[in-house]
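Asker: Read off the chains here:
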Amino acid sequence: MIKAKNLDPNFKYQLSRELGGENLEYCFNCTGCACGCPVAEVDPDFNPRKIIRMGILGMTKELIESESFWKCVSCYTCFARCPQDVRITEVLYALKNMAVREALKGNIEIETTKPIFDKMFIDSIKDNGRVAEAMVFAKYKLKTEGIKGLMEQFSMGLEMFKKGKIPILPEKIKGKKQVKRIFEKAGIK
Amino acid sequence: MKYSYYPGCTLHASTKEYDMSTRAVCEKLGIELVELEDWNCCGALGAFSYNYFLSVALPARNLALAERKNLKLAAPCNACFHNLAKANKLIKDSEDLKKRVNDVMDIPYNGTAEVRHLLDIIVNEVGLETVAKSITRPLKGLRVVPYYGCLIVRPTEIARFDDQENPQSLDNLLKTLGAEVLPFPMKVKCCGASLVVNDEELAFQLTKRILETAKDVGANCVAVTCPLCHTNLDAYQSKIESKYNVTLGLPVLYFTQIMGLAMGIEPKKLGLEKNMVPTDKIVESVTGVKKVPQLVKMKAGGK
Chain A
1 MIKAKNLDPN FKYQLSRELG GENLEYCFNC TGCACGCPVA EVDPDFNPRK IIRMGILGMT
61 KELIESESFW KCVSCYTCFA RCPQDVRITE VLYALKNMAV REALKGNIEI ETTKPIFDKM
121 FIDSIKDNGR VAEAMVFAKY KLKTEGIKGL MEQFSMGLEM FKKGKIPILP EKIKGKKQVK
181 RIFEKAGIK
Chain B
190 MKYSYYPGCT LHASTKEYDM STRAVCEKLG IELVELEDWN CCGALGAFSY NYFLSVALPA
250 RNLALAERKN LKLAAPCNAC FHNLAKANKL IKDSEDLKKR VNDVMDIPYN GTAEVRHLLD
310 IIVNEVGLET VAKSITRPLK GLRVVPYYGC LIVRPTEIAR FDDQENPQSL DNLLKTLGAE
370 VLPFPMKVKC CGASLVVNDE ELAFQLTKRI LETAKDVGAN CVAVTCPLCH TNLDAYQSKI
430 ESKYNVTLGL PVLYFTQIMG LAMGIEPKKL GLEKNMVPTD KIVESVTGVK KVPQLVKMKA
490 GGK
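For the protein sequence lines, the chains are A and B, in the order given. Heads up: the first sequence begins at 1 in the numbering used here, then just goes up one per residue. Heads up: the second sequence begins at 190 in the numbering used here, then just goes up one per residue.
Hints were generated in silico from the structure; no laboratory data involved. Backbone N, C-alpha and C define an ideal beta-carbon position, used for all residues, glycine too. Please note that a few of the clues may not be correct.
[Claimed, not checked] Residues of chain A clear of chain B, computed beta-carbon distances all greater than 10 Å:
hint, residue
1, Phe28
2, Thr31
3, Asn47
4, Met59
5, Lys61
6, Glu65
7, Val100
8, Gly106
9, Ser124
10, Leu142
11, Leu150
12, Met151
[As the list claims (entries may be wrong)] DMTMM-like, lysine to aspartate or glutamate: derived pairs with alpha carbons at most 25 Å apart:
hint, chain 1, residue 1, chain 2, residue 2
13, A, Lys12, B, Asp285
14, A, Lys176, B, Glu430
15, B, Lys432, A, Glu41
16, A, Lys174, B, Glu303
17, A, Lys172, B, Glu226
18, A, Lys143, B, Asp388
19, B, Lys287, A, Glu184
20, A, Lys189, B, Asp285
21, A, Lys12, A, Glu111
22, A, Lys180, B, Glu314
23, B, Lys278, B, Glu314
24, A, Lys185, B, Glu226
25, A, Lys126, B, Glu430
26, A, Lys119, B, Glu389
27, B, Lys278, B, Glu303
28, A, Lys163, B, Glu430
29, A, Lys162, B, Glu430
30, A, Lys185, B, Asp227
31, B, Lys205, A, Glu152
Let the hints inform the model, and build the full structure from the sequences given.
Answerer: The structure is reproduced here in structure tokens:
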């Protein structure tokens, strides 16, 4: 049962102030977003309507701890079908941003490993200006799934290497310092 | 016709065949592509999840570089196109965001760049009539399903050139090339995108149903417009086959590779041997030239 005293009435305002979260409160709970959501079609645990509803009600802890929003594939089907222009995909980005910030502050722990990948990905951009995709992927697999996880990707990796699809050295751009400064000035660690 | 060209990171690495076929086809069509000098990664989808502002600022540097060249920016990757066009729209719509972005950049951006997807350029700027004139080998025997993916058609405030539920531009292009284009209910259903990185199980279910539907409607190949879709449908296909004990064997080609075949461009120039699911049968059926198996070639050339 949902108890009003456990709800956080300010959460919807916090979320609405995030980039992408602006239209959260327009939602009238119609379920249009959940119809046609590809992830919801194969995973009954995922429901964008429920995520938006929990956000509006202020079920902050349950929502952040559920981590279900990390399953969103950003396909924008819900965004396209929402009659209220809630911009659900974008709201989910805002939620992810909030969760990452809280995790960096040490307030929460994120079990989903996607943010680890995202961080390695943007670190590669920070260092080189471009992403060394294969290297980031291998590093991520090794960190989250160990040698076994990395080896599971080996045959595909080898095949790709043979076809000349995996460069040995990462590409670096001349303006990589300019890119690094974007990170620094925006305060992104 | 001259454009700035933004290949994006994958076209320089794991999806080289898209870069090769894009360049080859554009040359034939008289489109001059000038690679944007010193471009940086657009942030892909990971940056948006990690830090929204970064996902506007990273593409903005590319927009600033493109603005200086005063040419439209052509992006063949759905995700790069989305990120560049989205950052562009957000910056144009908000003076506040424009200022914040310019505050973190060394090169100023005034908001005058224009970003177009390569498919949009070929269908709507070059035009299908010009494409038709360039065909030397109509694609008889090719039964293809057009797979658009997501970010090339959605959201419509960013991807503005086709219908978001039942797009037609790729259908019409493939028909112009002489291929049999099959009705495809999965044409805009997500392939799982980057979910494959951390949740293969879930992502594979999304990818598998696209490939299975393609087989069900009788396709002998899939046409795609995005390197991420291609990776999921092509590179992971054999893994999906063994995991679910199904036989798919469905070649997945970039629309530019298919165009190149119809224009009589040499398959090697289109990177057709770089696709993970062999494309030999498709090439054979179009060119009429049978590929000599590797083993036979070695024996013949040995001693």
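Asker: Run every hint past the structure and note whether it holds.
Answerer: Each hint, compared with the structure:
no.: 1; hint: Phe28; in the structure: holds, 20 Å
no.: 2; hint: Thr31; in the structure: holds, 18 Å
no.: 3; hint: Asn47; in the structure: holds, 14 Å
no.: 4; hint: Met59; in the structure: holds, 21 Å
no.: 5; hint: Lys61; in the structure: holds, 21 Å
no.: 6; hint: Glu65; in the structure: holds, 18 Å
no.: 7; hint: Val100; in the structure: violated, 6 Å
no.: 8; hint: Gly106; in the structure: holds, 17 Å
no.: 9; hint: Ser124; in the structure: violated, 8 Å
no.: 10; hint: Leu142; in the structure: holds, 13 Å
no.: 11; hint: Leu150; in the structure: holds, 13 Å
no.: 12; hint: Met151; in the structure: holds, 14 Å
no.: 13; hint: Lys12(A) x Asp285(B); in the structure: holds, 22 Å
no.: 14; hint: Lys176(A) x Glu430(B); in the structure: violated, 41 Å
no.: 15; hint: Lys432(B) x Glu41(A); in the structure: holds, 20 Å
no.: 16; hint: Lys174(A) x Glu303(B); in the structure: holds, 24 Å
no.: 17; hint: Lys172(A) x Glu226(B); in the structure: holds, 12 Å
no.: 18; hint: Lys143(A) x Asp388(B); in the structure: holds, 15 Å
no.: 19; hint: Lys287(B) x Glu184(A); in the structure: holds, 18 Å
no.: 20; hint: Lys189(A) x Asp285(B); in the structure: holds, 23 Å
no.: 21; hint: Lys12(A) x Glu111(A); in the structure: holds, 24 Å
no.: 22; hint: Lys180(A) x Glu314(B); in the structure: violated, 36 Å
no.: 23; hint: Lys278(B) x Glu314(B); in the structure: holds, 21 Å
no.: 24; hint: Lys185(A) x Glu226(B); in the structure: holds, 23 Å
no.: 25; hint: Lys126(A) x Glu430(B); in the structure: violated, 37 Å
no.: 26; hint: Lys119(A) x Glu389(B); in the structure: holds, 19 Å
no.: 27; hint: Lys278(B) x Glu303(B); in the structure: holds, 10 Å
no.: 28; hint: Lys163(A) x Glu430(B); in the structure: holds, 21 Å
no.: 29; hint: Lys162(A) x Glu430(B); in the structure: holds, 21 Å
no.: 30; hint: Lys185(A) x Asp227(B); in the structure: holds, 20 Å
no.: 31; hint: Lys205(B) x Glu152(A); in the structure: holds, 24 Å
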